Amino acid sequence: MTADFLFDRPRKPAGLFGKSFSIALLLAGYSALCWLAFSESLRNWEKVWSYRETFWNGWLTTVQISAAALVLSSLIGGATALARRSNFLPLRYTAIAYVETVRGLPLMVLVLFGFYGVANALGWQDRVSAGIVILSLFSGAYIAEMIRSGIESVGRSQWDSARAIGLTPTQTYRFVVFPQVLRQILPPLAGQFSSLIKDSSLLYIIGIPELTFAANQVNSATYSTFESFVPLGICYLLLTLPVSLWTKRLEKKTRYET
Amino acid sequence: MKISLRRIAKSYGGQCVFRSLDFNVEFEHTLALVGPSGGGKSTLLRLLAGLELPDSGEIRIDGDLIPSDESGLRAHRQKLGVVFQAYNLFPHLTALQNIRLPLEQVHRLSAQEADSRAKQFLARFQLLNHAGKQPAQLSGGQRQRVAIARALAVDPTFLLLDEPTSALDPEMTAEVLDVIAELRTSEKPIILVTHEIGFARHTADLVALVADGGIPECSPATEFFDQPQHATTRRFLQRVLKY
Ligand SMILES: Nc1ncnc2c1ncn2[C@@H]1O[C@H](COP(=O)(O)OP(=O)(O)OP(=O)(O)O)[C@@H](O)[C@H]1O
Ligand SMILES: [Mg+2]
Chain A
1 MTADFLFDRP RKPAGLFGKS FSIALLLAGY SALCWLAFSE SLRNWEKVWS
51 YRETFWNGWL TTVQISAAAL VLSSLIGGAT ALARRSNFLP LRYTAIAYVE
101 TVRGLPLMVL VLFGFYGVAN ALGWQDRVSA GIVILSLFSG AYIAEMIRSG
151 IESVGRSQWD SARAIGLTPT QTYRFVVFPQ VLRQILPPLA GQFSSLIKDS
201 SLLYIIGIPE LTFAANQVNS ATYSTFESFV PLGICYLLLT LPVSLWTKRL
251 EKKTRYET
Chain B
1001 MKISLRRIAK SYGGQCVFRS LDFNVEFEHT LALVGPSGGG KSTLLRLLAG
1051 LELPDSGEIR IDGDLIPSDE SGLRAHRQKL GVVFQAYNLF PHLTALQNIR
1101 LPLEQVHRLS AQEADSRAKQ FLARFQLLNH AGKQPAQLSG GQRQRVAIAR
1151 ALAVDPTFLL LDEPTSALDP EMTAEVLDVI AELRTSEKPI ILVTHEIGFA
1201 RHTADLVALV ADGGIPECSP ATEFFDQPQH ATTRRFLQRV LKY
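Chains as they are written, first to last, in this note's numbering: chain A, 1 to 258; chain B, 1001 to 1243.
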């Protein structure tokens, strides 16, 4: 009963002190543990520091690729979701085939096949743009499914009301359906953005100088594995943690509103 | 207003709602449709609203045929106001925006005109204080009143109301029925589907029974309730007036 403040019970929630004390304790404890285990491998910081430019450029490339892929995959996702609801069968089936194929394949396979297979055959040499397109096609399939389930969750009464006031189908999508879909899929979409950032690391296998590629380069040049890959992990967390916090807030907000 | 249905057939999948319905009626203010659940009241209202097409037959309103092509139907829908049982309003828009949407996008009013017209109708139903609220922040009765305001604001030729109070508790029901009763004398013809027998008797000029794929009885309210001619009507009234 001496360390009662370390518990968070339904009857007696932990206070601010208990929470911050736990965090401080854990930080100190785990750091000490890491230091004891790995201190031998963590001394080459100067050498790695001289490669900060490489890291910075890699980080920028990762951010740019993820952002471009998010925009492009949202467009692809939206178009595919609409195509899946089309009355025109060839269009609908194309969308279904695309979504199911992509969702059934590992990203690695798509990257290798897309770049060394398709892009090469087409004479498409620019790795970064090819990487963005491959990543967007991958993520677009998942976004299409999010949008589709969002559209399907808009009730029949909403379509009826829209028709009853005389809106055209296009107006119905624009003023009634999409705003509701957007509000609903914003949290999963933010989560998808976080996945995109992480998935972009796979583009390193086709030689795009993004963050993982950069860290690997520094590692080969300096023979300092830990000092290269610890910053790599931190750089990804710096990108993904804010996105995931933002996602949590969005989720809370949409939950309260409906 | 005059409605005439000629040999209307309508079925959903394999289920036949109307086989060959003939119905002619003329009334000034309010026509109430009553009848057992599943009898086809909503279907009839949706046909009149141009939300469904009959499989065959024709519907005339004041002599004009309801068209059967989509753009003609849309033009027809733009001329009338419809209120369903619930979920009429768009949840992502405020009460004011809900009323403005058809005014601006369908009836092409300028933003300013739409705004002042929408506010005028909110004020008329004592809803001006709630103009900025989304449907989730309104009570059920307020939501239905906003829906009625939205339907009226476009200056429709007539109103179709499908059980506008059946999802409400008694107090809110009264508040919405008051609004409908007030509309009765003031302007647009109303066709109202309702379970509120007392209200139908009190407000409607004509009451029609929709049952078994037909309209066996349609007569002035007092006659309908006091001297029903048809056995189906008597059975229906016995059942609903039992408690
Ligand atoms: N969209 C639909 N798909 C399939 N069947 C339907 C559909 N709409 C109505 N029906 C069927 O048609 C019949 C008539 O339905 P309708 O909704 O017109 O009845 P109602 O008189 O309005 O009943 P209630 O008082 O319960 O609202 C019912 O048997 C119903 O199951
Ligand atoms: Mg009904």
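In case anyone wonders, no lab produced these hints; they're calculated from the structure.
Be aware that a few hints might be false.
Ranges of calculated distance between the beta carbons of each label pair, as one might list FRET restraints [unchecked claim]: (1) A:174 to B:1241: 30 to 36 angstroms; (2) A:195 to B:1133: 54 to 60 angstroms; (3) A:182 to B:1068: 32 to 38 angstroms; (4) B:1133 to A:64: 51 to 57 angstroms.
Which chain B residues stay away from chain A? Per the calculated CB distances, all over 12 angstroms, these [to be verified]: (5) 1056; (6) 1058; (7) 1070; (8) 1079; (9) 1081; (10) 1088; (11) 1102; (12) 1104; (13) 1112; (14) 1126; (15) 1127; (16) 1154; (17) 1175; (18) 1178; (19) 1229.
In this text, all values refer to a predicted model and were calculated from it rather than measured experimentally.
No residue lacks a Cβ here, since even glycine has one placed at the ideal position from N, Cα and C.
Structure-inconsistent hints, enumerated in ascending order | As far as the earlier hints go, 1, 2, 4, 7, 8, 9, 10, 11, 12, 16 are violated by this structure, in ascending order.
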